[in-house]
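Position chain F with the ligands relative to chain W; hints supplied.
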Amino acid sequence: MKNNILIIGGGPAGLEASAQLQRMGYNVILIEKSPKLGGHLAKWDRLFPDSVPADEVLGSLLRGAEGVKCFTDTDVRAINRLDKSYNVRLTNGITVLSDAVLVASGFDLFDAVKKEEYGYGIYDQVMTNADLEAYFKTGSDPRIEHPGRIGFAHCVGSRDEKAGCRSCSKVCCATAVKQAIEVKQAFPKAEVYCFYMDLRLFGRHYEDIYLKAQKEYGVRFIRGRVAEVSENYDGTLLVKAEDTVAGKPLKVTLDLLVLMAGMRPSASGKAIGDLLEMQVEEDGYFAVRGGIAAGQRSPIPGIFLAGAATGPKTLPETLADARAAAMEVDRYLTEIFPDAKNYKQLVKERW
Amino acid sequence: MVDFGFTLVPSSRINLDLFDKEKYEELVSMEPDVRICMACGSCTAVCTAGKFVHTSLREAMEDIFNAKTDNALESLRACQLCGKCAMVCPRGINTRHLIMSITKVYSKK
Ligand SMILES: Cc1cc2nc3c(=O)[nH]c(=O)nc-3n(C[C@H](O)[C@H](O)[C@H](O)COP(=O)(O)OP(=O)(O)OC[C@H]3O[C@@H](n4cnc5c(N)ncnc54)[C@H](O)[C@@H]3O)c2cc1C
Ligand code: SF4
Ligand code: SF4
Ligand code: SF4
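Read top to bottom, the protein sequences are chains W and F.
If you count the first sequence from 1, position 167 lands on 166 in numbering that gives the first Met the number 0, and the numbers rise without skipping.
If you count the second sequence from 1, position 66 lands on 65 in numbering that gives the first Met the number 0, and the numbers rise without skipping.
No lab work stands behind these hints: they were computed from the structure.
Computed from a predicted structure; not experimentally measured.
For glycine and all other residues, C-beta sits at the position ideal for the given N, C-alpha and C.
Check the hints yourself; a few may be wrong.
[Unchecked claim] Pairs of lysine-lysine, DSS-like flavour, derived with a Cα cap of 30 Å:
| # | chain 1 | residue 1 | chain 2 | residue 2 |
| --- | --- | --- | --- | --- |
| 1 | F | Lys-107 | W | Lys-247 |
| 2 | F | Lys-50 | W | Lys-161 |
| 3 | W | Lys-161 | F | Lys-103 |
| 4 | F | Lys-20 | W | Lys-247 |
| 5 | W | Lys-247 | F | Lys-50 |
| 6 | W | Lys-247 | F | Lys-108 |
| 7 | W | Lys-113 | F | Lys-50 |
| 8 | F | Lys-83 | W | Lys-247 |
[To be verified] Just a few of them, taken from the derived set where beta-carbon distance is under 8 Å, the chain W residues facing chain F:
| # | residue |
| --- | --- |
| 9 | Arg-158 |
| 10 | Asp-159 |
| 11 | Glu-160 |
| 12 | Met-196 |
| 13 | Gly-223 |
| 14 | Ala-226 |
| 15 | Lys-239 |
| 16 | Ala-240 |
| 17 | Thr-243 |
| 18 | Gly-246 |
| 19 | Pro-248 |
Okay, chain F solo, but in the shape it has when bound:
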């Protein structure tokens, strides 16, 4: 390919080739419900921490799928595990368990 001398900065590009399938499968085995999110945004809308600091479970999951796992952890860093998001999730996801599982799997370097 011809190199035109400019590329996107890596942080603003999604590169699915970087997706870590093994880690993802580890997450799925801990909490299979990561697969069934419909990206409705209800969890983010009601998040008690999100009032103050950017916090979003929906975005964290998207970041995982887009091989941006550091961003995912960042989106959940302020989570207090209050469980409010679990009350509104229309897919009935155990969001607290999902958040803990994401943190466990992706904090290991």
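The shape of chain W in the complex, shown without the other chains:
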């Protein structure tokens, strides 16, 4: 008997872990609540830092997970712990007996409507990072018609106690720099401003795109958080911030403001967490067992975690986390079910 493993969430983390565990010989069941696989990656156009098309990356993840039993439009209805395994009832009526469960429920984009002073959903010319990705993917958005002046507001719904999120979302500085370059490529005459508190460009090649944005594209970086936005009679936006380097309040009229909405814990992930009584930390993301050196085990035996479900991560970090989770699941199953036909026996048979 091959062990059954249930993976909840068909984003990059769930797909990569499925592929790895299937290769190890396990019987993987992947469920995704939305109609299609890919998670947030399916919404992005090009990826920082090297502008690879998101579709290409998604395509290779999907190919890797071929053969995995996938149920889309499917969530968990109920979950019970048996002696060693979990009995999981899915919303599609199927019940799965699973020896390990990997929660890869990812994140939700911060709902920018909540940051009312920025006017998303109120003023026509305010959009989010996700809206801009959609524009690049489809080539149309009524808000974008040869904009002359474009601003990027960093830290929207992140590093903001009032928005209920103290932490940094990690990916949005790099996204802002990437998108600033992309709008300059699309509209070379446009003036582009980035309003930041700190530029967190920590990853490999990230500083390079920052330099490129300055040197080749003339993007202006202003150190000050966007404080408020109002709409002028002609539909343009009046944006206020302090240029904290100059020590002076600043205003600028813009044709378009792009909000760098941050990452929040997934609401449907939280619902799973509630069913399992899983521990979350103060930031709302799932707690991992054993802290810094631990990784991908939850405090509950047999329940594993991967990807943005345990906090903001870039795509390469998510994939590395998913591979590590697959290793952890394998270690656990070979210890708990030593008599089961796992990949080690498969290797012996096939060799």
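Just chain F with the ligands now, with coordinates in the frame of chain W:
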């Protein structure tokens, strides 16, 4: 040290040796949130008085840390305690109380 015959004018130099820890602790005991400002500048950007006269809570705090408390008072002199800055502060600082506390502590000579 060799004296080369020129120095910076004191007003354009930051000298952390002049920082008055006792007064600062007095301020902290009145309003601990002075410690948590992230220097984002939102308060200064929306300041109603700042439209007319240089007014900046962010700068005032920096001046306190840099032992320039007279500048700090100057940066808050025109404040009308309207509270608009409290609405935008991402760290949720009670800015009006902070401004009053700064004025109380550093006006005493
Ligand atoms: C604006 C923005 C731009 C980004 N651009 C880049 C970039 O250019 N380069 C880069 O490296 N990274 C980028 N990232 C980060 C990247 O998107 C994440 O690292 C990645 O999406 C995380 O993958 P994940 O699988 O953990 O989560 P997700 O992508 O969120 O996928 C989780 C999946 O789980 C599903 N799910 C949730 N709950 C349930 C449930 N109860 N039952 C069933 N299914 C469920 C969801 O529907 C979703 O499909 C960006 C992030 C943002 C916010
Ligand atoms: S990555 Fe940058 S924009 Fe995003 S929350 Fe962190 S500092 Fe703000
Ligand atoms: S309370 Fe004072 S510092 Fe704050 S916005 Fe009003 S006038 Fe400006
Ligand atoms: S708004 Fe708050 S955190 Fe930002 S500079 Fe002012 S006091 Fe500091």
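Cross-check of the supplied hints:
no.: 1; hint: Lys-107(F) - Lys-247(W); result: holds, 28 Å
no.: 2; hint: Lys-50(F) - Lys-161(W); result: holds, 25 Å
no.: 3; hint: Lys-161(W) - Lys-103(F); result: holds, 28 Å
no.: 4; hint: Lys-20(F) - Lys-247(W); result: holds, 28 Å
no.: 5; hint: Lys-247(W) - Lys-50(F); result: holds, 10 Å
no.: 6; hint: Lys-247(W) - Lys-108(F); result: holds, 29 Å
no.: 7; hint: Lys-113(W) - Lys-50(F); result: holds, 27 Å
no.: 8; hint: Lys-83(F) - Lys-247(W); result: holds, 17 Å
no.: 9; hint: Arg-158; result: holds, 6 Å
no.: 10; hint: Asp-159; result: holds, 4 Å
no.: 11; hint: Glu-160; result: holds, 4 Å
no.: 12; hint: Met-196; result: holds, 5 Å
no.: 13; hint: Gly-223; result: holds, 4 Å
no.: 14; hint: Ala-226; result: holds, 4 Å
no.: 15; hint: Lys-239; result: holds, 5 Å
no.: 16; hint: Ala-240; result: holds, 5 Å
no.: 17; hint: Thr-243; result: holds, 4 Å
no.: 18; hint: Gly-246; result: holds, 6 Å
no.: 19; hint: Pro-248; result: holds, 5 Å
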